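S.K.: Residue numbers (my numbering), protein chains in the order written: chain A, 62 to 268; chain B, 4 to 119; chain C, 291 to 900.
What the hints contain is simulated information worked out from the structure, not anything from laboratory work. Check the hints yourself; a few may be wrong.
Result set (SDA-like, lysine to any residue): computed pairs, CA atoms no more than 25 angstroms apart in a straight line [stated by the list, open to error]:
| no. | chain 1 | residue 1 | chain 2 | residue 2 |
| --- | --- | --- | --- | --- |
| 1 | B | Lys24 | A | Asn156 |
| 2 | A | Lys239 | A | Gly118 |
| 3 | A | Lys85 | C | Lys881 |
| 4 | A | Lys239 | C | Ser879 |
| 5 | A | Lys229 | B | Arg25 |
| 6 | C | Lys560 | C | Thr649 |
| 7 | A | Lys79 | B | Arg25 |
| 8 | C | Lys895 | C | Val735 |
| 9 | C | Lys881 | A | Thr194 |
| 10 | C | Lys817 | C | Thr649 |
These numbers come from a predicted model, not from an experiment.
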Amino acid sequence: MAENHTVEQHSLPPNPEKATLEGKNKYMGFWFFLGGEVVLFASLFGTYLGLRNSTAGGPGPSDLFHLDLVFIMTMLLLTSSLTSVFAIISMKRGNYKGLLAWMWVTVLLGLGFLGFEIYEFWDYTVNYELGFTTSAFSSAFYTLVGTHGAHVTFGIGWIIVLLIRYAKTGLTLTNAPKFYTATLYWHFIDVVWVFIFTVVYLMGIGG
Amino acid sequence: MADHGMDPSAPLTGEPSKNTKRKLRKEVKTQIIGFVLALFLTSISFISIASDAIPASFAIPFIFMLAVIQVVLQLYIFMHLNDRGNAWPNAMIWSAVVVAIPSVAALMLLLGITKW
Amino acid sequence: MSYAEAQKKSVLWDWLTTVDHKKIGIMYLAAGAFFFTIGGIMALLMRAQLMFPNSSLIPAQTFNEILTMHGTIMIFLAAMPLLFGFMNYIVPLQIGARDVAFPFLNSLGFWLFLFGGIFVNLSWFLGGAPDAGWTSYVPLASHYSGIGLDFFVLGLQISGLGTLIGGINFLVTIINMRAPGMSMMRMPLFTWNTFVASILILFAFPALTVGYLLLMMDRIFGSNFFVVEMGGNVVIWQHLFWIFGHPEVYILALPAFGIFSEIIPTFSKKRIFGYTAMVFATMLIGFYGFMVWAHHMFTVGLGPVANSVFAIATMAIAVPTGIKIFNWLLTMWGGRIKMTTAMLCAAMFIPTFVMGGVTGVMLAVSAADYQFHDTYFVVAHFHYVIVGATVLGLFGGAFYWWPRMFGYTLNEKLGKAFIILFLIGFHLTFFVQHFLGLYGMPRRVASYLPGQGWDGMNLVSSSGAIFMAAGFLLFIINIFVSMKNKETTGDPWDGRTLEWTIPSPTPEYNFAQTPLVRDYDAFWYEKYQGDGKIKAAEPLGDIHMPNGSILPIIISFGLFVMAFGLVYHTWIVAGAGLLIVFGAMFVRSVKEDHGYHIPVEEITKDKGGK
Numbered sequence: 062m063a064e065n066h067t068v069e070q071h072s073l074p075p076n077p078e079k080a081t082l083e084g085k086n087k088y089m090g091f092w093f094f095l096g097g098e099v100v101l102f103a104s105l106f107g108t109y110l111g112l113r114n115s116t117a118g119g120p121g122p123s124d125l126f127h128l129d130l131v132f133i134m135t136m137l138l139l140t141s142s143l144t145s146v147f148a149i150i151s152m153k154r155g156n157y158k159g160l161l162a163w164m165w166v167t168v169l170l171g172l173g174f175l176g177f178e179i180y181e182f183w184d185y186t187v188n189y190e191l192g193f194t195t196s197a198f199s200s201a202f203y204t205l206v207g208t209h210g211a212h213v214t215f216g217i218g219w220i221i222v223l224l225i226r227y228a229k230t231g232l233t234l235t236n237a238p239k240f241y242t243a244t245l246y247w248h249f250i251d252v253v254w255v256f257i258f259t260v261v262y263l264m265g266i267g268g
Numbered sequence: 004m005a006d007h008g009m010d011p012s013a014p015l016t017g018e019p020s021k022n023t024k025r026k027l028r029k030e031v032k033t034q035i036i037g038f039v040l041a042l043f044l045t046s047i048s049f050i051s052i053a054s055d056a057i058p059a060s061f062a063i064p065f066i067f068m069l070a071v072i073q074v075v076l077q078l079y080i081f082m083h084l085n086d087r088g089n090a091w092p093n094a095m096i097w098s099a100v101v102v103a104i105p106s107v108a109a110l111m112l113l114l115g116i117t118k119w
Numbered sequence: 291m292s293y294a295e296a297q298k299k300s301v302l303w304d305w306l307t308t309v310d311h312k313k314i315g316i317m318y319l320a321a322g323a324f325f326f327t328i329g330g331i332m333a334l335l336m337r338a339q340l341m342f343p344n345s346s347l348i349p350a351q352t353f354n355e356i357l358t359m360h361g362t363i364m365i366f367l368a369a370m371p372l373l374f375g376f377m378n379y380i381v382p383l384q385i386g387a388r389d390v391a392f393p394f395l396n397s398l399g400f401w402l403f404l405f406g407g408i409f410v411n412l413s414w415f416l417g418g419a420p421d422a423g424w425t426s427y428v429p430l431a432s433h434y435s436g437i438g439l440d441f442f443v444l445g446l447q448i449s450g451l452g453t454l455i456g457g458i459n460f461l462v463t464i465i466n467m468r469a470p471g472m473s474m475m476r477m478p479l480f481t482w483n484t485f486v487a488s489i490l491i492l493f494a495f496p497a498l499t500v501g502y503l504l505l506m507m508d509r510i511f512g513s514n515f516f517v518v519e520m521g522g523n524v525v526i527w528q529h530l531f532w533i534f535g536h537p538e539v540y541i542l543a544l545p546a547f548g549i550f551s552e553i554i555p556t557f558s559k560k561r562i563f564g565y566t567a568m569v570f571a572t573m574l575i576g577f578y579g580f581m582v583w584a585h586h587m588f589t590v591g592l593g594p595v596a597n598s599v600f601a602i603a604t605m606a607i608a609v610p611t612g613i614k615i616f617n618w619l620l621t622m623w624g625g626r627i628k629m630t631t632a633m634l635c636a637a638m639f640i641p642t643f644v645m646g647g648v649t650g651v652m653l654a655v656s657a658a659d660y661q662f663h664d665t666y667f668v669v670a671h672f673h674y675v676i677v678g679a680t681v682l683g684l685f686g687g688a689f690y691w692w693p694r695m696f697g698y699t700l701n702e703k704l705g706k707a708f709i710i711l712f713l714i715g716f717h718l719t720f721f722v723q724h725f726l727g728l729y730g731m732p733r734r735v736a737s738y739l740p741g742q743g744w745d746g747m748n749l750v751s752s753s754g755a756i757f758m759a760a761g762f763l764l765f766i767i768n769i770f771v772s773m774k775n776k777e778t779t780g781d782p783w784d785g786r787t788l789e790w791t792i793p794s795p796t797p798e799y800n801f802a803q804t805p806l807v808r809d810y811d812a813f814w815y816e817k818y819q820g821d822g823k824i825k826a827a828e829p830l831g832d833i834h835m836p837n838g839s840i841l842p843i844i845i846s847f848g849l850f851v852m853a854f855g856l857v858y859h860t861w862i863v864a865g866a867g868l869l870i871v872f873g874a875m876f877v878r879s880v881k882e883d884h885g886y887h888i889p890v891e892e893i894t895k896d897k898g899g900k
């Protein structure tokens, strides 16, 4: 049952990421992993919400957050989600160069986001004296947003490895699921960010 | 059953079928609409906090609702959770949400500070 | 790699690099049994100390360390890996698959668990074991405990990662790898229970990971999650721990339920009563498992409404569990029961577990819980549940599946002597602890004063522990004595499910031809409606196998090194460990590996030229 490929050899199937059993397994397993990540981030969000007023005399959300910076970061990440969608559409069209190009754009946008986040953390620690150990709020803030940032970093590294490894191979039944799961991961990062900008930044400023 | 002739690292060639091409053209449109919707929802959120016109007591639940809408939108449009064959991913993601909601609520509220 | 090369590996290298679910299952069982023995010895030491009042056999600090490690080892390093061993070995066979969905990740999961387990235990030699209880409540664990807690937090994060990987692997295996005709509602109940337990793992372990992450941050990086004067809150730890901790109870219990659901129909010669109800009861237990965690926190002071909600939800779990109990009883009712050792385990599980369940409902009454909380009543309750279900399930499963896994049958006489001795010991040890708790003896005490009405019962309890140890010794002896009882038919119990259709010993590709499943209890159906042989879903052909890999050990070792660096605040070492991890992951990602094929001639040779 395992290797009963219905695809004709070397011809492009409509969903190359799910054309083999390995691909199907990867696709499904990755979704389940994201299910686990939902609970992981929920726990971090819950902790942050429990501690967000515990500033222990240090700076709090309304002293720190700048809407303009967060808005730019949000736009970068949202756009990178769209470009990774375009990458997958290129893949399904059999346009491998398009896939690689859109993925590189995604990586660049991700790097832009990461740059702003590093600047933001640097700004808070230096200009506002909000260290990781300043208060329970600061610990929770840096842990939640930092975990998201770590995910972004890992995602960028992962996609770059894929892009370099498969720069010259063309689309295959092996690398199609890899690219597809990488974009799923990237979308998930964006999904988490939607809650971060709402719960951490907007709620921090608005109430 | 054995697939000796099939090399999984051989490049896939050829064009997608006409049907697939038509679907992909539609897909581009859907995705752009999804993106515009996400932009719109995000902007509304930021505006409702940035402008002082809306009282915080309304703005907080409002932006939270917008976030939920946007996440569902992203899951179903960008991440294709509505495609056929995605019953199990759907089941798991929503089960995760069912687990996540009481967890967040408890961590936020049930900390022994306010008695419920 | 070709087939010939794959055959040439040395035995040691083969086991270190194996991605075969059967070998990984056996390694889980071996490692789990090792830790189970250590945890058991710790229990004996504790009972020896508590045998008489004012005893000074073991210093209080050491007692706390033994107590913590007993719980930690038994839950994370014994019960779960032993269950994982059975899941790994049996589930693919029950669904007619040649392997799991992710053979590489399966191996990675095992090695992560093993390295994590070793790391926690290294604390014994490097400055003292953790001493804050397996629940490790803060601020005791975060600010008043020694270096042992660092080992605890990091080691369990590593092994927890392995468990999570294992859970995802089982889920995808069960969904994607079933043989043709094996619909979800034709799956054997052990597979169903594994499936639901894996869902629980998937959603429970991330909460624990976050809990340990925060504790690690507080201990090693000076954050303030649990520092009250800096605005921290200690109840957060309790929530995170129990959001994981309560589902964990069902992660331990459900697979055991599944084992009993295989044993009871087999030895009653009857189809399981109420299959559909069993499946839905399993799912319901899984769901409730996530909605009741705060019943461990009734005395925190969350408030009356919160306590009531969680109390009622907790009591509701008795309903699906009751459904299961009655279904097992009705399966036995009117069956041609054959009281083998495995069946004896299953039969004795029912009353034992019901007693644990009843005290569970008592504990769920939140007002009464203020009296029971942190007394020996709780100790008695959870030992009745975990030994009653999980440990008896593991022993029952061992006797049931031993011929499948090792090619010989365990001695029945010795087996019955073992289980009777073990059960007598168990009830002696733990039944009196209910009353010790009601008379006010707190749990986790290193000693107690005489004349409080506790002396006699503690003596009884400790003597019972000796019986349990003696019983376990008989089990170990049985393993070696029985080696000559070779099992060659492949179907020693007149089995009902697919794992008994394979010749013994199990070939590495499991099924020469993927089976075609025509009904629930597929093998039984063919025995009575067909010709007694399972139909094949495909012609005989070359079989694709995945290549072994050493990378899982390297990745696990990298995390091990990194954890050392973190414990001793040596960031270079931690960075080096992380580099090893990412390096190995990079190699895995870059090197395409398409496995090899076993030629059809080898397969016909195995079948004796049939």
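S.K.: If a hint holds in the structure, say so; if it doesn't, say that too.
M.R.: To see whether the hints hold, each was checked on the structure:
no.: 1; hint: B:Lys24 to A:Asn156; verdict: 12 angstroms, holds
no.: 2; hint: A:Lys239 to A:Gly118; verdict: 47 angstroms, violated
no.: 3; hint: A:Lys85 to C:Lys881; verdict: 20 angstroms, holds
no.: 4; hint: A:Lys239 to C:Ser879; verdict: 9 angstroms, holds
no.: 5; hint: A:Lys229 to B:Arg25; verdict: 28 angstroms, violated
no.: 6; hint: C:Lys560 to C:Thr649; verdict: 31 angstroms, violated
no.: 7; hint: A:Lys79 to B:Arg25; verdict: 20 angstroms, holds
no.: 8; hint: C:Lys895 to C:Val735; verdict: 62 angstroms, violated
no.: 9; hint: C:Lys881 to A:Thr194; verdict: 42 angstroms, violated
no.: 10; hint: C:Lys817 to C:Thr649; verdict: 43 angstroms, violated
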